[in-house]
Amino acid sequence: MPNDQGFSDFFYAAPDGLKLHARIYGEANSSHWPVVCLPGLTRNARDFHELALLLSSKARGPRKVIAFDYRGRGQSDYDPDISHYNVGIEAGDVLAGLAELGIAEAAFIGTSRGGLIIHVLGALKPAVLKAIVLNDIGPVIEAKGLAHIRSYLDRSPKPKTFAEAVAAQRHVHGADFPVLTDTDWARMVAAICRETDAGFVPDFDPTLIDTLAGADLSKPLPDLWPQFDALAEVPMLTIRGGNSKLLSATTLDEMKSRHPGMEAITIEGQGHAPFLEAGTLPQQIASFLDGAEGTSS
Numbered sequence: 002m003p004n005d006q007g008f009s010d011f012f013y014a015a016p017d018g019l020k021l022h023a024r025i026y027g028e029a030n031s032s033h034w035p036v037v038c039l040p041g042l043t044r045n046a047r048d049f050h051e052l053a054l055l056l057s058s059k060a061r062g063p064r065k066v067i068a069f070d071y072r073g074r075g076q077s078d079y080d081p082d083i084s085h086y087n088v089g090i091e092a093g094d095v096l097a098g099l100a101e102l103g104i105a106e107a108a109f110i111g112t113s114r115g116g117l118i119i120h121v122l123g124a125l126k127p128a129v130l131k132a133i134v135l136n137d138i139g140p141v142i143e144a145k146g147l148a149h150i151r152s153y154l155d156r157s158p159k160p161k162t163f164a165e166a167v168a169a170q171r172h173v174h175g176a177d178f179p180v181l182t183d184t185d186w187a188r189m190v191a192a193i194c195r196e197t198d199a200g201f202v203p204d205f206d207p208t209l210i211d212t213l214a215g216a217d218l219s220k221p222l223p224d225l226w227p228q229f230d231a232l233a234e235v236p237m238l239t240i241r242g243g244n245s246k247l248l249s250a251t252t253l254d255e256m257k258s259r260h261p262g263m264e265a266i267t268i269e270g271q272g273h274a275p276f277l278e279a280g281t282l283p284q285q286i287a288s289f290l291d292g293a294e295g296t297s298s
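For the sequence shown, the working numbering gives the first residue as 2, with consecutive numbering after it.
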């Protein structure tokens, strides 16, 4: 049953037996496509809370929303083998969760790494993808953007109080997100951190950072254009932060040329990755999903 925060917790077994977690909003909503929310590299299901509440209870066509914690994040178990922290295995974990829920097709919203997982799902099980929202991610990842992520993860502070945690995030990301309010920053920290006896720590397996150690960021990273091109028939909305270091305006233009039906929104005053609950973005996402479902065959 949903709790007083509007969701229920769903636990299931990954193909290799690891215990994984997702949040389910609007469980009784079955007349529209469900929505699957996939977070970024070190993020978790809490990132989507405000958006999921809108899509499941306040939108014109309320939807069931499933927000996943990948292995090693949030309430999912940590994996003792860090080589399993990769998009292929994480895509398989998502499919396992959907299979247990009896969901054969859905609209997908992927932030950063979540968008990469969507590209993999397009190769593994294309029929599951009814519509796609990519949040600040595309087939080309800018090496300088990944270097920035690796840098701030390596230097992650260890704040003792919630206020210190908020100040730390503003120090690292404030220049890229000048439009965020105090409420936005507090919501971000509540989503990405958990309180321990030692203070506020990022809510993911610390060894996850080691998976970035071997990347050579002095040269361009491999691209995913073939996988993106395979999604050409799927309704798509791509959101880019105006200050993003990971998704360039040039890549976004190329995406539009290869996927003529793709809608695109640039969010000024935000970097990587835009807050999906900010401003009118939740309503824009809801409208895109309604339009995609209404025009689908």
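Quick caveat, the hints were computed from the structure, so don't treat them as lab data. Where hints are given, some of them may not hold.
[Stated by the list, open to error] Simulated restraints on C-beta separations:
hint	residue 1	residue 2	range
1	R195	R259	15 to 21 Å
2	S152	A191	34 to 40 Å
3	G175	G200	16 to 22 Å
4	D230	G295	41 to 47 Å
[Claimed, not checked] Capping the alpha-carbon separation at 30 Å, the derived lysine-lysine pairs in DSS-like fashion look like this:
hint	residue 1	residue 2
5	K257	K159
6	K246	K257
7	K131	K161
8	K59	K145
9	K257	K220
10	K145	K159
11	K159	K20
12	K59	K220
13	K131	K257
14	K159	K246
15	K131	K246
16	K246	K145
17	K59	K131
18	K145	K20
19	K220	K131
A quick note: this is a predicted structure, and the numbers were derived from the prediction, not measured. By construction, the Cβ of each residue, glycine as well, lies at the ideal position given by its N, Cα and C atoms.
Now the hints, each set against the structure:
1. Our hint of 15 to 21 Å for R195 and R259 is violated, since their Cβ atoms are close to 40 Å apart.
2. Between S152 and A191 the beta carbons are some 24 Å apart, a value that contradicts the proposed interval 34 to 40 Å.
3. For G175 and G200, the Cβ-Cβ distance of about 21 Å falls inside the hinted range of 16 to 22 Å, so the restraint holds.
4. About 25 Å separates the C-beta atoms of D230 and G295, a value inconsistent with the hinted range of 41 to 47 Å.
5. Restraint check for K257 and K159: the C-alpha separation of about 41 Å exceeds 30 Å, so the hint is violated.
6. About 19 Å separates the Cα atoms of K246 and K257, which keeps this hinted pair within 30 Å; it holds.
7. For the suggested pair K131 and K161, the alpha carbons sit about 44 Å apart, so the restraint of at most 30 Å is broken.
8. A distance of roughly 38 Å separates the Cα atoms of K59 and K145; the hinted pair therefore is violated under the 30 Å criterion.
9. This hinted pair checks out: K257 and K220 have alpha carbons roughly 25 Å apart, not beyond 30 Å.
10. Straight-line distance between C-alpha atoms of K145 and K159 comes to about 25 Å, which keeps the hinted pair within the 30 Å bound.
11. Restraint check for K159 and K20: the C-alpha separation of about 27 Å stays at or below 30 Å, so the hint holds.
12. Between K59 and K220, the direct Cα distance comes to roughly 45 Å. Violation of the 30 Å bound is thereby established for this hinted pair.
13. For the given pair, K131 sits about 19 Å from K257 by alpha-carbon distance, which is consistent with the 30 Å threshold.
14. For the hint linking K159 to K246, the alpha-carbon distance of about 25 Å falls within 30 Å, and the restraint holds.
15. For the suggested pair K131 and K246, the alpha carbons sit about 29 Å apart, so the restraint of at most 30 Å is met.
16. As the CA atoms of K246 and K145 are separated by approximately 7 Å, the hinted pair is consistent with the 30 Å bound.
17. For the suggested pair K59 and K131, the alpha carbons sit about 21 Å apart, so the restraint of at most 30 Å is met.
18. Between K145 and K20 the CA atoms are separated by roughly 34 Å; this puts the pair beyond 30 Å, and the hint is violated.
19. Proximity of K220 to K131 is assessed by CA-CA distance (about 34 Å); at most 30 Å being required, the pair is judged violated.
When held up to the earlier numbered hints, the structure conflicts with 1, 2, 4, 5, 7, 8, 12, 18 and 19 and fits the remainder.
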